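Based on the hints, put chain U in the right spot on chain L.
Given next are the chains, with one letter for each unit.
Protein chains: 2
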Amino acid sequence: MKRIRINTPEGKSILLMGGTVRDILPLLPRKGLFIITDTNVRKIYGSIFPPGEVLAIEPGEKSKTLAVAGELCRQMLEAGADRTSFVLGFGGGVVCDVAGLVASIYMRGVRHAFISTTLLSQVDASIGGKTGVNLGEYKNILGTFRQPEFVLCDHEMLSTLSDEEFRSGLGELLKHGAIRDRNLFFDVAAAADRLSSRDPRILGDFIMRAVRIKAGVVKRDPLEKGLRRILNFGHTFGHVLETHYKIPHGMAVAQGMIIAAELSVWKGEMPHSELRLLQVTMEKTGLLTDYRLPAGVVNMMAKDKKSEAGSLNFVLLRMVGKAIVRKIPVTELQAFVSYYNEKQDSG
Amino acid sequence: MKRIRINTPEGKSILLMGGTVRDILPLLPRKGLFIITDTNVRKIYGSIFPPGEVLAIEPGEKSKTLAVAGELCRQMLEAGADRTSFVLGFGGGVVCDVAGLVASIYMRGVRHAFISTTLLSQVDASIGGKTGVNLGEYKNILGTFRQPEFVLCDHEMLSTLSDEEFRSGLGELLKHGAIRDRNLFFDVAAAADRLSSRDPRILGDFIMRAVRIKAGVVKRDPLEKGLRRILNFGHTFGHVLETHYKIPHGMAVAQGMIIAAELSVWKGEMPHSELRLLQVTMEKTGLLTDYRLPAGVVNMMAKDKKSEAGSLNFVLLRMVGKAIVRKIPVTELQAFVSYYNEKQDSG
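Those sequence lines, one after another, are chains L and U.
Counted from 1, the first sequence has number 137 at position 135 by the numbering used here; the numbering is strictly sequential.
Counted from 1, the second sequence has number 236 at position 234 by the numbering used here; the numbering is strictly sequential.
Chain L extracted, bound-state conformation:
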């Protein structure tokens, strides 16, 4: 098991890479443990849950609401949770996002940590201290910044994921390469076949490289005032696609990355050859999709929280492995969307 530390002024977090549930038992309190999970995860891993009160939500994005977070708090109060209680999120991205918010607001904040069961959450969602729920069709509008005390990433658990969930996680893995580590990006693509065997050692190596990138960025900008924005690469278009077509997060982000790369070329920030490389790689990893951008996409993006005062802070690429942030006016995005959709339509 390897340890990565994320120290920020707002709190410290230890990422435990490649450990097992047994390894983290000493880090949990003897009593007052509340395990927030979903009914799928409970079915698979319920037998190895540490001793505590289990609160299970419905799996999937529909559970990411303020009402579900409030209901979990109500159940905790009912079960006697107090300020000394400890919330353990045991699951994927949705579970971690909701459990983190619950721990942030229950009695103005209680201790919390995650056991991360999906590729998506091991490379991304459980790391970095962002919590969040959706507001209607807008993703992660409500939330907090709060570092989990630890995050356990047990790579053996990835064997139980469906192919779709696994591919979705590959999307976020590739994103980390695309914004900051060109080698990681192409290494993932080259290893695509071997990765699909879910070998925990091969996976562990790639996850570690991605998490080091994310941890490094979060340490330098925990509250997303600047640099951390690059982690949103692919997410602005991605969120719209995810909500509109009800596709998995990582798949939506993957297409969002390609669209953002198109935008980078359109803005003259990146040569077309790099866009081509990105597309080929997405194809190789089974992540190439061609959803059309829905009508009203720019208005939806403008309500996405990456927008600020009329313009959008957009993450673009200079090349595969190097992201930049540019303010782009809404009007210019309108023009780009028309161009992109016409291109899609003409095949």
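None of these hints come from the bench; they were simulated from the model.
Watch out, some of these pointers could steer you wrong.
Because identical chains cannot be distinguished in the list, a pair is counted as satisfied if it fits within a single copy or across any two copies.
As the list claims (entries may be wrong) - DSSO-like mimics (lysine-lysine), calculated; alpha carbons at most 30 angstroms apart, straight line:
(1) K33 - K227
(2) K345 - K269
(3) K248 - K14
(4) K33 - K329
(5) K305 - K33
(6) K64 - K345
(7) K329 - K248
(8) K14 - K227
(9) K227 - K45
(10) K45 - K286
(11) K221 - K248
(12) K221 - K14
(13) K269 - K324
These figures come from a predicted structure and were not determined experimentally.
Chain U alone, transformed into the frame defined by chain L:
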């Protein structure tokens, strides 16, 4: 206008005592201002609201829910609020508590400040960075710690309060004296008649003394790990009375203070003569009530967030002007409640 600064590792706050709305206009952004208020306050002060989007909730405790906070966030999103937006809570305790929570979770936190319109919120609720909503019948179970950038206390506004609201505020004013400043406590009682004229200079002087006490405590313990607990004097019994009898917060706290003082005598921490002084003072300020403690009070208190792992951290007095915190087991509290209610019944 006088300034009191509260600097904590989690944020800074400036309290502007005795200023007017005009004074704070330079502190607000030119656009992106969202004013959270209630329909009563809007009726009285709507004409002097700074330019911004106005979101009004129903007045009163029933608006302190997570659902109302979520609905305010939805309205903000609808109206185009983004990360650069600024939330101004304009009202009393309920408005400030809810607006603070909205500012804490909207897009993972936006800037916020308060204009405090009631005596209760000027001496207490708007100061110190606690935000919160209720969960069913339990008060302030959900919330955050987040310092408002500034709090304006315009004492002229107190002339529009009902007598009941005003007396409720006196309860919290007396509390600050009871826990930390014996002179303040007796000075308030001696000035009770003059105070009821709502003279802003006399009020301003007392509010300033109370706020200095609160600011000093909050600076030393912003997250309520220890010392800050004394600010909850009267609140553990008070919350139960407030919910059960639907009486104003400060009235409930006043009786809660007397009961906590009885408990202090019962535990041998304080002489009976001091309890008598407290009772006489409450009577003089129109705050003496004699509600019976409802059945199940101890269970309700145990779910209150001042409880920790089976015992309750209880704020007691050594004398008027000096508070201490003691852990008291639930069983002992049961015995005390029986004793207290029998005494009430026998008149």
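Out of the numbered hints, which ones does the structure contradict? 3, 6, 9, 10 and 11
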